[in-house]
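Assemble chain B onto chain A, guided by the hints.
Sequence order for the protein chains is A and B. Here the first sequence is numbered in numbering that gives the first Met the number 0, starting from 0 and rising by one per residue. Here the second sequence is numbered in numbering that gives the first Met the number 0, starting from 0 and rising by one per residue.
Calculated from the structure, these hints are not laboratory results. Some hints here could point you the wrong way.
One copy or any two copies: either way a pair holds, since identical chains are not told apart in the list.
[As the list claims (entries may be wrong)] With a Cα cut of at most 30 angstroms, we get these calculated DSSO-like pairs of lysine-lysine: (1) Lys319 <-> Lys154; (2) Lys154 <-> Lys188; (3) Lys315 <-> Lys154; (4) Lys18 <-> Lys88; (5) Lys91 <-> Lys74; (6) Lys95 <-> Lys18; (7) Lys333 <-> Lys285; (8) Lys302 <-> Lys95; (9) Lys52 <-> Lys188; (10) Lys28 <-> Lys95; (11) Lys291 <-> Lys188; (12) Lys188 <-> Lys213; (13) Lys91 <-> Lys302; (14) Lys52 <-> Lys291; (15) Lys88 <-> Lys154.
Note that this is a predicted model, so its numbers are computed, not measured.
Protein chains: 2
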Amino acid sequence: MDSNQCYTRLSKNIERNKKMVTTYYQNKKIAITGGLGFLGSNLAIELVRLRAKVTVIDPMIPLYGGNLYNIKEIKDKIDIHYNDIRDEKAMKKLVKGQEVIFHIGNQTSHIDSMTDPLYDVDINCRGNLIFLEACRDVNPDAKIVYAGSRAQYGKVESIPVSEEAPIHPVDIYGANKHVGELYHQIYHKVYGLRTTTLRLTNTYGPRHQMKHSKYGIQNWIIRLALDNEEIPIYGDGSQLRDYNYVDDVTDAFLRVGCQQETDGETYNLGSGEPVSFREMVECVAKIAGSGKIVFLPWPAERKRIEIGHYIADYQKIQNKIGWNPCVHFEDGLKRTIAYYREHRNYYW
Amino acid sequence: MDSNQCYTRLSKNIERNKKMVTTYYQNKKIAITGGLGFLGSNLAIELVRLRAKVTVIDPMIPLYGGNLYNIKEIKDKIDIHYNDIRDEKAMKKLVKGQEVIFHIGNQTSHIDSMTDPLYDVDINCRGNLIFLEACRDVNPDAKIVYAGSRAQYGKVESIPVSEEAPIHPVDIYGANKHVGELYHQIYHKVYGLRTTTLRLTNTYGPRHQMKHSKYGIQNWIIRLALDNEEIPIYGDGSQLRDYNYVDDVTDAFLRVGCQQETDGETYNLGSGEPVSFREMVECVAKIAGSGKIVFLPWPAERKRIEIGHYIADYQKIQNKIGWNPCVHFEDGLKRTIAYYREHRNYYW
Chain A
0 MDSNQCYTRL SKNIERNKKM VTTYYQNKKI AITGGLGFLG SNLAIELVRL
50 RAKVTVIDPM IPLYGGNLYN IKEIKDKIDI HYNDIRDEKA MKKLVKGQEV
100 IFHIGNQTSH IDSMTDPLYD VDINCRGNLI FLEACRDVNP DAKIVYAGSR
150 AQYGKVESIP VSEEAPIHPV DIYGANKHVG ELYHQIYHKV YGLRTTTLRL
200 TNTYGPRHQM KHSKYGIQNW IIRLALDNEE IPIYGDGSQL RDYNYVDDVT
250 DAFLRVGCQQ ETDGETYNLG SGEPVSFREM VECVAKIAGS GKIVFLPWPA
300 ERKRIEIGHY IADYQKIQNK IGWNPCVHFE DGLKRTIAYY REHRNYYW
Chain B
0 MDSNQCYTRL SKNIERNKKM VTTYYQNKKI AITGGLGFLG SNLAIELVRL
50 RAKVTVIDPM IPLYGGNLYN IKEIKDKIDI HYNDIRDEKA MKKLVKGQEV
100 IFHIGNQTSH IDSMTDPLYD VDINCRGNLI FLEACRDVNP DAKIVYAGSR
150 AQYGKVESIP VSEEAPIHPV DIYGANKHVG ELYHQIYHKV YGLRTTTLRL
200 TNTYGPRHQM KHSKYGIQNW IIRLALDNEE IPIYGDGSQL RDYNYVDDVT
250 DAFLRVGCQQ ETDGETYNLG SGEPVSFREM VECVAKIAGS GKIVFLPWPA
300 ERKRIEIGHY IADYQKIQNK IGWNPCVHFE DGLKRTIAYY REHRNYYW
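Excised from the complex, chain A in its bound form (with noise of 0.2 angstroms):
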């Protein structure tokens, strides 16, 4: 599929997205935790855009995704509360009333998670059921969607990888997604709260953190990139990913939010185009027009939690709910280069 074929299916999408979207959203009062990071602040614009009230919940946590630049254009128009999904009380009072929260807030460093997996588990285990308890408690008709892993999947028996394929985590990161997911299967089960897991692959774009390569590597190539630096290939880079751009991954948030038919179900997403460690890398240079590739031998700690291949079968949401990627992968490069070539003073 070339570009233009592309950017046709995504004007479709858009479109029918746009009726069904635009009017679930329009004034509803919709909470996203994390909303200052990444993903968090891209659906947070993408909601204003779609005249939702939105409140975003961040903690700020240092060396963590939330930039308030993220939002620069929005934040007249949004909640701000610096608040931890550990924060019970703060937790019960923020997700009160809301219609839709998207769940996003949580520690996403796989290397963090092996050095400090006590850190982990008080986020994305002990905080999650914190989240759960109080949206239980003072708010069990809403929707939630939370932001699941392809790293639940761990070193994959064979590809493309289905929602019903094993669940062998390589890291305490992956272990926990895992445990939040099933904890929102338990708690709609149980308690009836309306829960969607999205099990994201790599994500890239514009608005994540650039300030080291812990999480997001793509988004640390193109900083490498942009800065002419050494951008270093482990091994042969020959591994394969699913790499979705931003802007796919914030529809499917949007598309599953609206869907009472998705309460309780886990989806992949993934784009439908793998691409080796080695091409991502080759590319971003090409369109950069800068940085200097060498190829390197794997650092032990990040070979004893290397997966090699991962590729996403995304049927389940495709037939469901009609998500489809969008955004090509050269094409998403682009956008996302030319976003922090004129924003990098404020990504590092």
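Structure of chain B alone, referenced to chain A:
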């Protein structure tokens, strides 16, 4: 298979076990978390018989299974430490130098995991990681056998249930027991810890707590029968269960503990003779000669975490290390009832 055949098979197993297990555990340093509870104390007694050097670790949390009477016959032959798996410093001190660690000390109430999910997370997520971090830090070569649970599967789609069956727990206890298993697998894959998980089905027998019905339902039924109380059956009691006598379960732990080929693996335990809840109750009342069976509607908090039929497929452990359950349900009940008739004052 009648009772005689069962005992013949039991003898053969004990014989085979003796060769393998006796030579292995003799003079070996062995630790048991939750070692004053039901399964832990039965394991400690068997290990003392096999002349192992046993350390039991148990914080004696009120209403949990810890009971000093459980180990009265071996109390001068073992080291007892009243420490919690959440105590990092104590864990490092206690796991050091142990050759096998049977890790059984966890929160075990389904109901409590729903009324106080954060407490379950604190022990079964945070505690399990503190335990594993201690092993990784001071004793990375120890063999670790973790007590998993059939609760990990939740409401099953088909029976019998193999280790490959989907994991859909219906309560926080089941979810956290599962993430506990994932932690053990990750520490095996990433750090080479020699972990194995046994997913236990309902286990009954001497030395179980008899103070409340929050876990170990079949033991609770025995108490009601011995007290000639009403024994409630919720609904029609037709749900099938797999009941293992505790000696069969300790046998599995001992076999797994001494065999390297079980490193990194997960095994179901099961009985091979599923029994309905109603049959179980009737059998208890018949052997006890007392107790009044009454049929009641399901209480809401139990109904919503009730899982229907459960029968384990335990071929994997059978084929891999020759474990077989050997104590028939009726025989096990007779031994259990005889134990509590004699020692009831120490249990309720």
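Which earlier hints turn out false for this structure, listed by number in ascending order?
4, 11, 14 and 15
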